[in-house]
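> With the sequences and hints as input, model every part of the structure.
In case you want the letters, here they are:
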Amino acid sequence: MTPLAITTPPVASPHAHGGNSVGRTMFRVQLALLPATLYGFWLYGWPSFFLWLLCILSCVGSEALALKLTGSPRIRATLLDGSAALTGWLLAMTLPPWAPWWVAVLGGCIAIVIGKQVFGGVGQNVFNPAMVARVALLVSFPLPLTLWVLPLPMATLPAPDFVAGLRIFLGSLPVPDAITGATLLGHAKTELARGLDLGQALAAAPATSWLGLRPGSFGESAALLILCGGLYLLLTRVITWQAPLGVLAGVAIPAAIGHALDPGRFLGAEAQLLSGALLLGAFFIATDYVTSPNTATGQLIFGLGIGFLTWVIRSFGGYPEGMAFAVLLMNALTPVIDRFVKPRILGRDRRGKPLDQPEKA
Amino acid sequence: MGLMQLFKQLAGDDWGVHPDDRKRPAADRPVRTMPLPARLYLPLQQHLGSPARPVVLVGQTVLKGELIAEAQGAVSAPIHAPTSGTIVAVSEVTAPHPSGLTLPAIILEADGRDQWCELDGCADPFALAPAEIGRRVAAAGVVGLGGAAFPSAVKLSGAARSQVTTLVINGGECEPYLSCDDRLMRDAAAAIVDGIRIMRHACGARLALVGIEDNKPEAIAAMQAAAAGQADIEVRPVPARYPMGSEKQLIQVLTGKEVPADGRAFDIGILVHNVGTALAVRAAIREGKPLISRLLTVNGNCVADPGNVEVRIGTLAEDVLAFAGGLKGDGLGLARRIVGGPMMGMQIPHWRVPVVKGSSGILALDAAEVASREPDPCIRCGSCVKACPVGLLPLEMSARIRNQAYADAVDIGLKDCIACGCCAYVCPSKIPLVQYFVHAKGELAAQERGKLRNEATRKLALQRQERLDREAREKAEAAARRKAEREAAAAAKAAAAAQTVEAGT
Amino acid sequence: MSEILLLLLSTALVNNVVLIKFLGLCPVMGVSKSVDSAFGMGLATTFVLVLASAASWMLDNWLLQPLGLGYLRILCFILVIASVVQFTEMFIKKSSPGLYQSLGIYLPLITTNCAVLGVALLNVQQQYSLFKSLLYGFGSALGFTLVLLIFAGLRERVALARVPAAFAGAPVAFITISLLALAFMGFSGLNV
Amino acid sequence: MLAAVLSLTLLGAVLGVVLGIASKFLSVEGNPVVDELIAMMPGSNCGQCGFPGCSGAAAAIVDGSAPPTCCPPGGKALASAIAARLGLSVDLSGLADDGPKIALVAEELCIGCCRCSKVCPTDAIIGAAKQVHNVFREACTGCASCVEKCPTEALSMKPLPVTLQHWVMPRPLAA
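Residue numbers (the UniProt record's numbering), protein chains in the order written: chain A, 1 to 361; chain B, 1 to 505; chain C, 1 to 192; chain D, 1 to 175.
If you are wondering where the hints come from, they were derived from the structure by calculation, not from laboratory data. Certain hints may be false.
[To be verified] Which chain C residues face chain A? A few, computed with CB under 8 Å, are given here:
(1) Leu6
(2) Phe167
(3) Val172
(4) Ile175
(5) Leu179
(6) Leu182
(7) Ser188
[What the hints assert, rightly or not] Each computed BS3-like pair below joins lysine-lysine, with the alpha-carbon atoms no more than 25 Å apart:
(8) Lys257/B <-> Lys353/A
(9) Lys475/B <-> Lys24/D
(10) Lys475/B <-> Lys118/D
(11) Lys441/B <-> Lys353/A
(12) Lys93/C <-> Lys24/D
(13) Lys130/D <-> Lys459/B
(14) Lys459/B <-> Lys158/D
Note that beta-carbon positions come from the ideal geometry of N, C-alpha and C, so glycine has one too.
Encoded structure:
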């Protein structure tokens, strides 16, 4: 009998698939970001919308350009999986809401080209692209990156209309001084530097943070909505609980201890947790698949590290906010964590030696 | 259950996957027996170990159940004629294997009489010595029917030697689509229990545990009823979760013990057999019948009339499918042909592949079921790490294999991989992880062979060097000898000449 | 006690030799392809750095300064460092041929590792005591080893990534270490 | 001036003595890595690497003048083993390894000259003078030294047929 010609190359099992896909995961993360983003538009008006849009466009554009230059055969498929758009979205969430247009363009370029495509594209990078861009921008352009506006419902001036918003965004209209303010952490840092006691300086700060009614990054808006998004991701199993819990605990525990020891010197746990990019970072940045450890234990360590470093930089460092630095530092440590924290292989002990065989009776 | 699940997930005990089992409706339909096909193709290697050696000649007529190929070597199994007829050839047949390569096989033309040879049954197996049971099981060519096809007698006698205490009967059948074990347990529970008792007697275990996934309530009920009077046979439902039917996982769930890596279940006093094997052992001992047929599941969206079919070993998949109503729409929507289950089964290049002892199913899947698509790059989501029942890092291993760093992949556990397919099943990027691992294992085996070859070469080169030295030495010795002889001769001549001169004077 | 800790932390993290002072980049780029050899290099450099800090301090305080030979400082320090490195090299060659092989030329090149000479000279410049010099040397070595290890881990990951051909090898390594330096800027201004 | 000269001389002398003593205690005989590599190589001294023998190739690989892939009979297996031992990264794709090959005698062309069997490093070619030669499959290492010696081009290298036991699942196409 003559074997018939094989038309397809041989493939290995399994011949079934669970149906999960990269696109679905990215879509769910974006869905989880949506409430906080919409609320952010309401808080900060048109300029923030332009910032958000341009960040995403810049990221997607850079991705397309980079893929074209590297001669990738799958440009469309890669763009459609939504990872570049998500990077842009997350970058926008960490920027001051009224940052000028060139910040968005440059940020998107840095995030995608230097943070991601240089390493080979999605899944290959070692640092979180959005955080790379955020830190690079902060270090290079400290002024526009620390210009915080008051949420419009709190401001004395009326919200800028579409045209005024566009002009502010394009830099042809200066940001009115009347609506700028300082973030809670920045305020704490300057007050401390002036030798003031934090207890007096920030009497009733955290209460407004739940609703986002204080100056801050675009995505820091309402802690409540970020938390809801995070819980949605947890429930749909897009993320696991280890990294977020690690971040929150890593900040809360030292903050609580420090506050108990010297309330005038250290912010309390609640103020630390609700301010800055902490919640956003805990649920959306620290859970980034690519740049966090593979194992549950590793992710817990990773989260604790981010939390602790954030607290250290916030409390002792030169910058008021340390989330982005902490994320990058722990990203760098991820391969080391992965090297030492591995799941136990069935039938072996933690060191990889086969289990002892019991003595036969 | 939901809460329990959540707790287990929190505790990190969340191995495996929960695929859509798609066992019904095929599992609920009664078993059909397939009529005898015209020709049977019996590969000489249907089991793990060395291939069997044919003991028949072309043209010879054989009776049903007659030995046609004998076991050779310590780990091997004989092959018997599934029906009476004439041996028409000893040639090659396509193996149930993705490579599409052929295997040597005996081809038997059925004469239609289906006449049994003389069988040597035993009314009271418990009077037999355990070793005798092992011998009979070996002679009947029984192999593990769960899929691995390891000769059962080797396991039984090995277990008896290492004094196992527990016999685990694997009724997990965790592969989606397949329901032949389910069907056997529903229809022949009493016979299976009898087989279990015989095996327990043969291996000397005290307790027999039957593990059945809880998605088969009818089978659990039937087995529990059949084992009712037996204090030492316990039927235990286990949670439906793939790969529950894998030996090490089932042992862990049933007994809480862990088989050491590089070790076997014997080492912790456990012997595992499939339910189908229990039935085959019973037939071999009680009736003296060799293993010549098996129950298999014909399933998949492309099959017109799916169900479980009793098939003679050596029947072509083509004939089995024709019996099951053929393919829908003449196989237009067919995306993949599989022997075995969808998670670990073998893709086959065409349907002219024989059913062997370890074939548990024939699947004809359409494109929606296969859901194949071009893979994306790994996004390191870690789903595979969570799903891996062995605790490996599939993403790291595949990245190393992609860069051909096979030794590095072994360092992080490639050899512990059981190729269950959980990682590839959950991968959002659809990376064919198992293919990477199978490829790497193949490459490593090839390298190992290369190493052995190098060693053999060195030995041969050394021998040649010795030979050359010896030859040179012998040549030198011979030359020396000849020279000595020549000199002696010359001396003698000279002496003789001197004498003549003397004599002359 | 807290002063000791502070000095260690500040030399290891805030004023990291590699990422902030840009000293000793040659071995960082050269021996960071695998974590194991990076660890070996880190140990070797730590040994040399600590020993060289102590030896150069003694040399400076007990010989050069009393004799007024400050102008011979660099010459003498290099002599001492070279000897220590030579000794280390012999020791590693004897005890771990594999590590010796994988460190290659970078092992003798510790001699010219500017971190070593730099730390020895900085010790003199800041007029540290012997104990503080040792601490300073050790802290710097700690920072060096830490960065080397982290960087080697990152490079092992990057080696498995699909880096575009134009960036493969050294370019992507430079980008990686620049991003690492960016991350370390978070420690700037750190004071307790 | 004198102090400077003296102190430098003294320093140099002391350090020199210390290092001299150390080199006595820490001396290493030969290069153990080369010996290890020699033990790994096929040892048939077939010469395909371009070095006089396996030990020459091992030394060249260790000092870096030859790549670990220079041994064709060793194939990928040896190359990756050597690379692992030396901690080198090696590009295996450059190695022409399309499966093992063995020599085959075309019987109708063989004149029984015995030239091939003389060069075979493993004595894999059997046959007396004026008799058709044959290659002993198990002993042939595929070094191809015999091919060029054959005056009638009766010898050729043929790939071994792939069997189920030797088949390797192809690597998935890169995404």
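> All hints are to be evaluated individually against the structure, with a verdict given for each.
Hints versus structure:
For Leu6/C, the suggested interface contact is broken, since its CB lies about 11 Å from the closest CB of chain A, more than 8 Å. The beta carbon of Phe167/C is positioned within 8 Å of a beta carbon in chain A (closest approach about 5 Å), and the interface hint is therefore held. Hint status for Val172/C: holds, given a least beta-carbon distance of 6 Å to chain A, under 8 Å. The restraint placing Ile175/C at the interface with chain A holds, with a minimum CB-CB distance near 5 Å, inside the 8 Å limit.
Because the beta carbon of Leu179/C sits about 5 Å from the nearest beta carbon in chain A, less than 8 Å, this interface hint is met. A cut of 8 Å between beta carbons decides the hint on Leu182/C: the least distance to chain A is about 5 Å, and the hint holds. Contact between Ser188/C and chain A, as hinted, is supported at the beta carbon level, the nearest pair being about 5 Å apart and thus within 8 Å. For the given pair, Lys257/B sits about 17 Å from Lys353/A by alpha-carbon distance, which is consistent with the 25 Å threshold.
For the hint linking Lys475/B to Lys24/D, the alpha-carbon distance of about 48 Å lies beyond 25 Å, and the restraint is violated. Between Lys475/B and Lys118/D the CA atoms are separated by roughly 17 Å; this keeps the pair inside 25 Å, and the hint holds. Simply put, Lys441/B and Lys353/A have alpha-carbon atoms about 20 Å apart, close enough for the 25 Å limit, and the pair holds. Using a Cα cut-off of 25 Å, the hinted pair Lys93/C and Lys24/D holds, with the two alpha carbons roughly 13 Å apart.
With a CA separation close to 29 Å, the supplied pair Lys130/D and Lys459/B exceeds the 25 Å bound. Our distance criterion of 25 Å between C-alpha atoms is met by Lys459/B and Lys158/D, whose separation comes to about 23 Å.
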